[in-house]
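Trainee: Dock chain Y against the given chain H, drawing on the hints supplied.
Taken in order, these protein sequences are the chains called H and Y. Under the working numbering, the first residue of the first sequence carries the number 1, and numbering increases by one thereafter. Under the working numbering, the first residue of the second sequence carries the number 221, and numbering increases by one thereafter.
Simulated from the structure, these hints should not be mistaken for laboratory data. Keep in mind that a hint or two might mislead.
Taking lysine-lysine and the DSSO-like style, the derived pairs with C-alpha atoms no more than 27 angstroms apart in a straight line are [stated by the list, open to error]:
hint : chain 1 : residue 1 : chain 2 : residue 2
1    : H       : Lys107    : Y       : Lys260
2    : H       : Lys214    : H       : Lys79
3    : Y       : Lys273    : Y       : Lys222
4    : H       : Lys79     : Y       : Lys284
5    : H       : Lys76     : H       : Lys23
6    : Y       : Lys230    : Y       : Lys273
7    : H       : Lys2      : H       : Lys79
8    : H       : Lys23     : H       : Lys167
9    : Y       : Lys230    : H       : Lys160
10   : H       : Lys135    : H       : Lys214
11   : H       : Lys28     : H       : Lys214
12   : H       : Lys107    : H       : Lys160
13   : H       : Lys153    : Y       : Lys284
14   : H       : Lys76     : Y       : Lys260
15   : Y       : Lys284    : Y       : Lys273
16   : Y       : Lys230    : H       : Lys167
17   : H       : Lys2      : H       : Lys28
18   : H       : Lys110    : Y       : Lys230
19   : Y       : Lys230    : H       : Lys153
20   : H       : Lys23     : H       : Lys214
21   : H       : Lys110    : H       : Lys28
22   : H       : Lys167    : H       : Lys135
23   : H       : Lys214    : H       : Lys160
24   : H       : Lys2      : H       : Lys110
25   : H       : Lys107    : H       : Lys2
26   : H       : Lys135    : H       : Lys23
27   : Y       : Lys273    : H       : Lys214
28   : Y       : Lys230    : H       : Lys107
29   : Y       : Lys273    : Y       : Lys260
30   : Y       : Lys260    : H       : Lys110
31   : Y       : Lys260    : Y       : Lys222
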Amino acid sequence: MKTAVIVFPASNCDRDAAMALEKVTGRKAEMIWHRETEIPSDIDFVVIPGGFSYGDYLRCGAIASRSPIVKDIVAKAEKGLPVAGFCNGFQILAETGLLPGALMRNKGLKFVCRPERLTIANGNSRYTSAYGNTKEVVFPVAHHDGNYYADDKTLNILEKEGRVIFKYADNPNGSARDIAGICNDHGNVFGMMPHPERAIDPLHGGTDGLTFFKSIIESI
Amino acid sequence: MKAIVHIGLKPGVLDPQGRAIARSLTDLGFDSVTGARQGKVIELDIKGNDAEKARQDVTDMCEKLLANTVIESYRIDIEN
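Chain H on its own, in the form it takes in the complex (with noise of 0.2 angstroms):
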């Protein structure tokens, strides 16, 4: 089981990402450069990490989405490589459309910093099945812009399909149907604003983010 943890200039949940991995597989995560023009071919699990890639310039996300790495990202998604990201991995994963939606300014129009209670949408999803009948984790949020936003159509078929996997309990930044986690249609994308890598150790105040790595995992 080998995965990879996506390093732009200005990611900062990098190596929480990678120790959520290692935590999870028992082994290092290789860390990819935006540079680099290729994920190696035996990479099983891709994570996109938080951060503030390239200061937010143009849009959240929008400069890191065109890089060199996101192009062949894109491109093995499509063919099915588990993808996630969480918080600037989200607006990432948006803005190549590989999510549908955006991620809008914090409806209250400041940055929320908490530790966030979600309800598991759908639990048999490859990111939430390892949760049983769990039916609430809590995941801290950090983001100034995580209002989820797509069209009434879009919300209809996430929720219809069953891609809406996280939902907030207390939505805190106006998220379209409290929406706090997607997937694409053939449920090996994801992503989400809450930081499950940000729980996974007692010290962190939770260990919930543990078993949504191990149901991805699991489920390769």
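Mentor: For chain Y alone, coordinates are given in the frame of chain H:
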């Protein structure tokens, strides 16, 4: 040549920053303000003098990077 690209949120997309600006203006006594939308302007220096080609190129740039057409619309002005 210069290409001036105006990018803004599409009508109907909530613009909390614009709303805060409008509220602040009415707080200052500008009662005539009934709404505000915030956008951005990007000035591009373009070589050559073929305005039609420049417009096509910049449209392509907007579709590929400058605007997120899920939520934003754009307008291009070409200046010689």
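Trainee: Give me the numbers of the hints this structure contradicts, sorted from smallest to largest.
Mentor: 14, 21, 24, 25 and 27
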